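Chain residues, written in single-letter form:
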Amino acid sequence: MSEAKLTSSTAAGQVESLLSVVDIKKHYQVKTGFMKPEANVKALDGVSFNLDKGKTLAVVGESGCGKSTLARVLTMIEQPTAGELRFDGQDVLGLGAEAAKVLRQKIQIIFQNPYGSLNPRKKVGTILEEPLVINTSLSKHARKQKALDMLAKVGLRPEHYDRYPHMFSGGQRQRIAIARGLMLDPQVVVADEPVSALDVSVQAQVLNLMMDLQQEMGLSYIFISHDLSVVEHIADEVMVMYLGKAVEYGSCEAIFNDPKHPYTQALLSSTPRLDPAHRREKIKLQGELPSPLNPPQGCAFHARCRYANERCAQQQPQLVNESGTQVACFAREEGRL
Amino acid sequence: MALLEVNTLSVEFGDGPNPFRAVDQVSYSVEKGEVVGIVGESGSGKSVSSLSIMGLIEYPGHVKAEGLTFDGQDLLSMPVKKRRALTGADIAMIFQEPMSSLNPCYTVEFQITEALKIHQGGSKKWRRERAIELLEQVGIPDPTSRLKAYPHQLSGGMSQRVMIAMAIACDPKLLIADEPTTALDVTIQAQIVDLLLELQREKNMGLVLITHDLALVAEAADRVIVMYAGQVVETGPAEEIFSTPRHPYTQALLRSLPESSQGKERLEALPGVVPGAFDRPKGCMLAPRCPYASERCQREVPMVSGDSLRQVRCFTPLDLQGKPAA
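Residue numbers (the working numbering), protein chains in the order written: chain A, 1 to 337; chain B, 338 to 663.
So that you can see chain A by itself, here it is in the shape it has in the complex:
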């Protein structure tokens, strides 16, 4: 049904990416009150990107911008309302339950809070083997061997196999969560704020581990984060989201050296910096993220944007290619910025 769309998106003649997402949408129906009509929340409203093997795409944005919804859709936890999701050339959404189950093994997720994502009543070994019990027919012995191998890979010791999650520190728990995500040898790992609950010195350990594993196993990461300094370090490509839409999408260098969208500029300038030489002129954003229940007409950012004009309040800007980076901004198109 979407053949035409697909060919247009890959018409440039490139080799197809490992994971490609075209105009994906997820809308939720929510109750607004007794006897009131249901409202439509556009948590994810038309996002497209490609992810190549061994690369890291970082998704950046503030809370409520749809980052986590994107993670849920990509890992097939939720069905998108519209759009297309292709993995290794296969259309994921049109698959039957059986085929989807197989494919799901290839895209795994690491959650944000390692204190909440590990079952406190299960031993580490059981947690790690659960994906194998469900998805493979390995013997008990083989499963244990695999779990022990994985523990070694993420820097834990064999004796940790028989311990419960509460016996570990935050960093170790996140290692366990990463190990669980990798048990089925996935090709894509969606990491939803994997280090935001960790201390600085431990954060560096976990980031190093993730980068080592990426090289060793050829993983592709979708790295969801609000911490721009972490993103700058780990990402190859960056997508900046605002209220369910991508406002800027490009290579990591381009986004950090020459941010084009006013929101990206504001985000970068509000991130505190250690080195005074790296500090940018602060762009003060007024107000907060608008409610997704009642999004503003036109560009979602226009109420907080200092370059906004009447057109921004009326029409929605689309992503336009500008020297290799895609930017959705009228001010940029019209040369006002």
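Please note that the accuracy of each hint is not assured.
Claimed, not checked - Restricting the straight-line Cα-Cα distance to at most 27 Å, the calculated cross-link-like pairs of lysine-lysine (DSSO-like) are: (1) B/K540 / A/K282; (2) A/K123 / A/K106; (3) A/K284 / B/K540.
Derived from the structure by calculation, the hints contain no laboratory data.
Keep in mind the model is a prediction, meaning the values are calculated, not measured.
Dock chain B against chain A, hints included.
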């Protein structure tokens, strides 16, 4: 005379022969109109030390100190009633999670005027007007209608603004902000930090900014105190701490930030974790993780050395090149 003087403050939890020392002989001072940043990872005792200044440590916690003076008054020996009148009025605190530190059952108006009623009295009408004024000061649009709002109707940034309004309601001389922006988004964080610094300058308050975000402290604070496992490991002017750290822990913290490893493949991580209640080392707290640790570090606890402006707790403090002194 310093506004706040903390002299060998310790906070212990539990009775018996081996109570847990969450804060271990911490000394520092805050001058009037000064921004002091306290940084450290979780478990370093930065929150507990500030709670003890507020008098908010309850049984089984015990606060001990050789001196804890605020504005020339000894906080520890003063009668409870007097201390209560002081805290909340002259010393105020902003807590970490704005969403959970506001009482969900009461309106914004009730919660702001409660502080005014207790410390300043006045008529109901005056308190209401003052509450509107305060909300205006902290940048809440349409303050009159917001008075009737309940905390669940406010966003995270708005809740934190209300918390700040409550804290500055009685014009405190010292404001302690415990991770005021941790739960907030980057752009909102910038707004709140700006607001705090603006209020601090305007009212010439002392501001203690407790956070784990080193970059935030680097931008906001005049002086920095670095804590690790309950101890102060280094103090000094902000620029010096960040340009030439003298304690191995400060150095390691700074190096482990992604910002410091630009262009490098790997981050320079500090191995291991902060010691917990039951695995505190005998000698220097950092010894098991420290790249420069000697045998002496494993056995003996180093004392704080250096002048009052620049202190470091290490046997072999680092020199300007970041190498340990011989």
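Going down the list of hints, with the structure as the test:
| no. | hint | verdict |
| --- | --- | --- |
| 1 | B/K540 / A/K282 | holds, 23 Å |
| 2 | A/K123 / A/K106 | holds, 24 Å |
| 3 | A/K284 / B/K540 | holds, 22 Å |
Of the numbered hints listed earlier, not one is contradicted by the structure.
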